[in-house]
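Trainee: Sequence:
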Amino acid sequence: MIASLENISLSFDDVTFILYKVSARVYENSRVGLVGANGAGKSTLLNILCGDLEPDDGELAIARDKSIGILRQDGGLISENSIISEMQSVFLHLHQMEDEMHLLEEQIAKTPSEELEKRWAQMQTNFETQEGYNIGVKIATVLNGMGFGEVDPETSVGVLSGGERTRLALCKLLLKKPDLLILDEPTNHLDFKTLIWLEDYLSDYKGALLIVSHDRYFLDRLCLNIWELRQSELTVYNGNYSAYLRQKEEREEYVRSEYESDQREIAQMRDFVARNMARASTTSRAKSRQKALEKLEENLEKPKSALRPPIIRFQKSRDPVSDVLIVENLNLSVGEKDQEKHLISGLDLLVKRGEKIAMIGSNGVGKTSFLRALMGQIRYQGRIKWGRNCDICYFNQGEDGFDENKTALDELWDFYPHEYEHTLRTALGHVGLSRENALKLICVLSGGERARLKFAKLMLSQGNVLILDEPTNHLDLGSKEAVDKALSEFDGTLLVVSHDRYLLSKFPDKILEMNPGGVKVYPGKYDQYIVQKRLESQIAPQETKLEKKPDHGGKSHRTKKQRSEEVMRKSRIRELEIKIESLEGEISLLEEEITSPAVAADYLILQGKCADIEKKRSELNEYLDQWSELELGNNI
9 MIASLENISL SFDDVTFILY KVSARVYENS RVGLVGANGA GKSTLLNILC GDLEPDDGEL
69 AIARDKSIGI LRQDGGLISE NSIISEMQSV FLHLHQMEDE MHLLEEQIAK TPSEELEKRW
129 AQMQTNFETQ EGYNIGVKIA TVLNGMGFGE VDPETSVGVL SGGERTRLAL CKLLLKKPDL
189 LILDEPTNHL DFKTLIWLED YLSDYKGALL IVSHDRYFLD RLCLNIWELR QSELTVYNGN
249 YSAYLRQKEE REEYVRSEYE SDQREIAQMR DFVARNMARA STTSRAKSRQ KALEKLEENL
309 EKPKSALRPP IIRFQKSRDP VSDVLIVENL NLSVGEKDQE KHLISGLDLL VKRGEKIAMI
369 GSNGVGKTSF LRALMGQIRY QGRIKWGRNC DICYFNQGED GFDENKTALD ELWDFYPHEY
429 EHTLRTALGH VGLSRENALK LICVLSGGER ARLKFAKLML SQGNVLILDE PTNHLDLGSK
489 EAVDKALSEF DGTLLVVSHD RYLLSKFPDK ILEMNPGGVK VYPGKYDQYI VQKRLESQIA
549 PQETKLEKKP DHGGKSHRTK KQRSEEVMRK SRIRELEIKI ESLEGEISLL EEEITSPAVA
609 ADYLILQGKC ADIEKKRSEL NEYLDQWSEL ELGNNI
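Take 9 as the starting number for the sequence shown in the numbering used here and just add one per residue.
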């Protein structure tokens, strides 16, 4: 065990608790995701765990030989240092060991000595054991993976942006490899490519992980437990983020059902006491029941009311024609003269009625500009034609056009002047702006509240084509889940720009990847997109080799040996497919088992099953790699 939290409590004034009797364990192979609303106490809990904050009550125990590393905003980077010197500082002890080895070598060369040679041999063994000869490779791997591959390693830390400094701090922390790695919002400032690399790297991390993140896909892929902080208390769930959602719903339904059952029993007992207390023949029974009633009422605890997530539901008033959008030979640039930046060349796109399309790409590649061109807000060359009866609604991630001095209710009323107040207040209530919140001035609304006001506007529009630019930005987890559900259930047409991979794994029929070289279409959701991208990266070097093969006029002449090898390859492919299917079933079964209360109550059993899952996932990845390689050879 690395760390133990026992009944940790912390309050403002001995009454208002930030944390109340929090207990949890972190083991050597823990993979924990910490979730909770903003202000729930997540950062406070991390600071206590790191020893930066003393709790009012309870006990924190850290194993003596275990190290803890946490991602800070700048990671204690020194502005005057270069990127490479910051990375090299992690291995200072190894550099010192290497210097000592060189001194010993010089001494041995001058005065040979058995004792010196033994010291040198022992030191070299230690150096090799700690992979001292691989320092350069380790640093290059992490810097390349985290997006610094094209940056001069001698660049000063002081000239980096805030986001770049945070990424560099994460690089340094990954190289340190603490026994417990604590990451607070590590996916901020990362593009898709870097995110995928980081997930792969952390999947193989030898120590324990404790991750705070709003990236639900990240939590889903890496975590085996979810800690939820709510109303100062911590609840531990087994499984990844998706499993946590299911268990939380089941748990809340069970608690609610038990409370309602107890309420019915209390009502019956009260009725019995009221009817029988005054009668001499039943007074003693009534008094006995009265005592039982008082005890039950004393111990009865009302379920804690969860923050109600918004209710978001998009409905359309009519259907458009089959061809909703036709884009032909679109060329798009922004800026003027010397500042002009070309974004899109010769784009053709056909969007059919009911299609759900997601657009992804790195920042600055032109996704928002493309949406603005579709809305006629900026100039372009080419043809953009919307079909008849298209009621288009646009969710802009930037300026929302709200009048800062109006209330949320008045803003809706100006947009829908013929709607009843009850209708508008209902829409606001659905997104969490009910009662007095509906009368808040827009200038005091938070980013999340402003986003939810925009969703209220969209719901009332009854549009059949929704164009959404980063719709889940600024939203808490509950609101993001509501958006996921709304987009999945909407039977109109969607064109959505998003970096939210959990959302991208839920709703789209196809993904449009935009990059400086153009736009490419991938059928399916995000998971299918990743599979295709991985396959492309494997195919690319093979295509180079194929170009060098001589042309035989399109004919293939295979020897007996080649035909035999082909049969063996196909046989191996079938064998691998059977193993892959079997392993996927076993992993699925184990993931279900670790969510059961019986397994959760026994740490040893839980630890064993988690280890089995990791082992089987490793085997599965090996089989998938072999299968991809053989399939690729078969297609060639």
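Everything labelled a hint here was simulated from the structure, so no lab data went into it.
It is possible that some hints are incorrect.
Said to hold, decoys possible - Calculated cross-link-like contacts (lysine-lysine; reagent style DSSO-like; alpha-carbon spacing at most 27 Å):
hint : residue 1 : residue 2
1    : LYS360    : LYS541
2    : LYS29     : LYS74
3    : LYS256    : LYS74
4    : LYS541    : LYS623
5    : LYS414    : LYS393
6    : LYS214    : LYS184
7    : LYS360    : LYS184
8    : LYS514    : LYS528
9    : LYS624    : LYS541
10   : LYS310    : LYS299
11   : LYS201    : LYS74
12   : LYS324    : LYS295
13   : LYS514    : LYS214
14   : LYS541    : LYS587
15   : LYS201    : LYS185
16   : LYS50     : LYS303
17   : LYS360    : LYS393
Trainee: Does each hint fit the structure? Answer for all of them.
Mentor: Going through the hints against the structure:
no., hint, in the structure
1, LYS360 to LYS541, "25 Å, holds"
2, LYS29 to LYS74, "24 Å, holds"
3, LYS256 to LYS74, "32 Å, violated"
4, LYS541 to LYS623, "25 Å, holds"
5, LYS414 to LYS393, "36 Å, violated"
6, LYS214 to LYS184, "12 Å, holds"
7, LYS360 to LYS184, "51 Å, violated"
8, LYS514 to LYS528, "20 Å, holds"
9, LYS624 to LYS541, "24 Å, holds"
10, LYS310 to LYS299, "20 Å, holds"
11, LYS201 to LYS74, "32 Å, violated"
12, LYS324 to LYS295, "61 Å, violated"
13, LYS514 to LYS214, "31 Å, violated"
14, LYS541 to LYS587, "24 Å, holds"
15, LYS201 to LYS185, "22 Å, holds"
16, LYS50 to LYS303, "36 Å, violated"
17, LYS360 to LYS393, "12 Å, holds"
When the structure is compared with the earlier hints, violations turn up for hints 3, 5, 7, 11, 12, 13, 16 and for no others.
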